[in-house]
Amino acid sequence: MLKRLIQFSCLSAVIASSAIIALPVQAADEVNLYSYRQPFLIQPLMTKFTEQTGIKVNVVFAKKGMLEKIQAAGSNNPADAVLTVDIGRLYALKQAGVFDAVKSDVLEANVPANLRDPGGLWFGLTQRARIAMVSKERVKESELTTYEELADPKFKGRICIRSGKNAYNVALIASMIAHKGESETKTWLEGLKANLARKPQGNDRAQAKAVYEGVCDIAIANTYYLGAMATNDKKPEQKKWADAVRITFLNQADRGAHVNVSGAGVLKNAKNRDAAVKLVEWLSGKEAQAIYAEVNHEYPVHKDVQPSALVASWGDLKADNLGMEDIARLREAATKLVDEVKFNEGPTS
Amino acid sequence: MTTIAAEAPRSRSLRLTGRLDRWTLFAFFVAALIGAPIATVLIMAITDTSDIWQHLYNTVLGTYVQQTLILMIGVGVGTTVIGTSTAWLVTMCRFPGSKIFEWALLLPLAVPGYVLAFVITDQLEYAGTVQVFLRDIFGWTRPQDYWFPEIRSLPGAIWVLTLVLYPYVYLLARAAFLEQSVCALEVARTLGKSSWGSFFSIALPLARPAIVVGVMLALMEVLNDFGTVDYFAVQTFTVGIFDVWLNMNSTAGAAQLSTVLLAFVLVLIVLERMARRGKKFHNTSMKYSELPSYRLRGKRAVGAFFMCAAPVVLGFVLPAIVLSNYALKFYEETLAANYFSFVVNSLTLSMTAAVIAVLIGLFLAYAVRLSPSPAVKIAARAASIGYAIPGAILAVGVLWPLGALDSMISMFGDYAGLAIGALMAGTIVPILYGYLVRFLALAYGAAESSLDKVTPNMDGAARTLGATPFGALKSIHFPLMRGSLMTAGILVFVDCMKELPLTIILRPFNFDTLATFVYQYASDELIEESALGALTIVGAGIIPVILLSVTITRSRPGSSS
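Those sequence lines, one after another, are chains R and L.
With the first letter of the first sequence counted as 1, position 224 gets the number 224 in our numbering; the numbers rise by one all the way through.
With the first letter of the second sequence counted as 1, position 345 gets the number 345 in our numbering; the numbers rise by one all the way through.
In isolation and in its complexed conformation, chain R is listed as follows (with noise of 0.2 Å):
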């Protein structure tokens, strides 16, 4: 029995490990894209990608850890390119030192040049701004116009969000800090986290079902959930939440509200390096925008392609056109004021 048990073991970790040795990584028509984003949010980009070029795409998804996988594998590092949301995270890739500058007449004509590094490392491809949505019923027009607003204590007990340390909310928090300094931040953190209806927690659907709900009047989150909630066939009920709030775009009066990005960048030594270009100048095109925009209802980056009719029927989007990278420097110091006003404990009346 117990001989059996090594042989078995034995044979089985040689047939599993060779099983998948074959897989080819490095032919000629291929791209290894390391995925920050949901294999579901992106496969019906990358299928209209394999269809027209012929180029095949291999995609792990992770949410930590690449970088790291990158580094540890040096110069065998086998990913071409890396996709992935919020600005701290394509930051820290470049800080890190992995990122390839690309030097492209497509990218730089299709990518706002506020969107992406001057050294061509990454590249912007989605906007999304973080907004207010509030109580259709509850909340008057003009009664939220600005950020700076939330922590006025006529909001007590009146706001939900999720995690302070949420990457959205750590690069909001940044750009505060970029505008109003430190100090004057903290202050407002600790305003905001007076006002807040209950302990941060969920994600940004769950604030806007909490409006729905009744258990606060404003919520903070991201553009796309609000298209997501309200196209939502499958969960009709996601639709009422969607219709329980007025969306407001912020400090329209000033600097515009805060946006973040989706983006990537093309990996040193990529084995498929020319394919690896080919793929993020693909993603930066009209096509590939207006996939985006209609699928996953971000704001596009490319200036000729409009977002969809539901983002569009928001209204205008005054963007803060402070530097993504400004924003990234910050996020550090930000998350240090979630933990000094001890943000994620929530209101404590």
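For the record, the hints were derived by calculation from the structure and aren't laboratory data.
Think of the CB as a built atom: it goes at the ideal place given N, C-alpha and C, for glycine as much as any other residue.
Some clues are possibly wrong.
Pairwise CB distance ranges (calculated) [as the list claims (entries may be wrong)]:
1) L:69 with R:233: 43 to 51 Å
2) L:128 with R:146: 34 to 42 Å
3) R:246 with L:543: 32 to 40 Å
So the derived list for chain R, only partly shown, Cβ under 8 Å to chain L, looks like this [what the hints assert, rightly or not]:
4) 54
5) 55
6) 58
7) 63
8) 74
9) 76
10) 201
11) 205
12) 336
Once you've looked at the hints, dock chain L against the given chain R.
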């Protein structure tokens, strides 16, 4: 060799020592293999001096420590009480359903914590079934109209983690109760102890090593958990590790925090060992007649029934029903996404990992038993602490040794025509390696506590009769330990089916398991869309769990079946 023999406290023949040496070498080899990623984490921790501690100390460290301790105490007490009491009830008593509960009590083991967290929240939150029902009855219309406990909270996390982790304690406690000799119990009863009295003064102390192993495993899972506590917005130490890593971009800082966590676990282990020192737990009698079974009636039977039914219903039946409902609505998404290949991948990985881990765990425990050297013991301990490091950090630790190995392969690969970075990019070797580092503790712990129960006289007898150490292991220990080893194998299997961070980070391109497939949705709180996948993870646990229960029952020496 002669020197070793001279140093050995007990006299041994030269031939024997030569054998011994091989076992010792094996122990050191395994320790080095498993220790490499852990050592990597420690090295990462000392490479960077950027000070995150001052900031943490001034701000949230207190919260992390406090919340982690409360969570550990809560889950520790919860799993001990539920696991031990139900194990005793189904082993020693007969009441309606007791035969079914024998295996059904194991089922929650197959439910990933984050899935149960999602399901329970879905039922108990404002829009959930329970509150809707209450509102209908009492006519409340707004959240402000009434008080209802916050589900996404520390108590919520304690409940969920207790429900999915108590089977560890149940499993090991039951195996221990079955391995006990009935003589000790009978002696206690003849000396006038009540049935409860003999439980507390005989059975419980004898089963203590097994129960402690179970609770330690559960607690290490607690320290490792990110999905559940993140969902419940509980700020544990592990949440802090991820924050330092990803928001402060400090891998070194995360490694430092992980090291502290590891040190904490080591202290726990040492304290437990010290408390156990000098005590022996093997049975002195060979009399293994059928265990008596107390037939419970009336109130007692009802009480026992509910005691066993509650954790099964809450930890398994409820999530299975809720997931089935989602799956009926959303199965298309899962089927469209190559579902069957996920099933094959999950099963292959988990089974292979389980068998390898059990064998290595068994040999390691046996090597420790054979060797008089404390170094071997320390090596074995070192090999089983991977369980205490959060999976994602451990994955980073696994990456570096593998990266080095890959460079070596590629140096030769130019001649052999292997693809560059073949190991990491193209095979599941990294995942298997990661699983082994992470789960060897399960296999080793079970093997060790089971081996503890085989009296050394048996070894002596076998060896006097001319058996080699391996021969004795094969024909004496292995048959006696079969139940415990099977237990360990199933634990590793089910854990691998659920495992996330290592699988996600270490997998090759285009490779998905059921768990990684569920994760891409679960990471955005969209479990419904991947419910069929989650349900399959849960379902895949049922068959081995039933098999396991049968094996354990049969494994009892002297059992009639």
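Now for the hints, and whether the structure bears them out:
1. L:69 with R:233: 43 to 51 Å: Once the Cβ atoms are compared, 46 Å apart, the range 43 to 51 Å for residue 233 (chain R) and residue 69 (chain L) holds.
2. L:128 with R:146: 34 to 42 Å: holds (35 Å)
3. R:246 with L:543: 32 to 40 Å: violated (52 Å)
4. 54: violated (17 Å)
5. 55: violated (14 Å)
6. 58: This interface hint holds because 4 Å falls under the 8 Å limit.
7. 63: This interface hint holds because 6 Å falls under the 8 Å limit.
8. 74: holds (6 Å)
9. 76: Status holds, d = 4 Å.
10. 201: holds (4 Å)
11. 205: This hint holds: residue 205 (chain R) lies near chain L, its Cβ roughly 7 Å from the closest one there, short of 8 Å.
12. 336: holds (6 Å)
Checked against the numbered hints above, the structure breaks hints 3, 4 and 5 and satisfies the rest.
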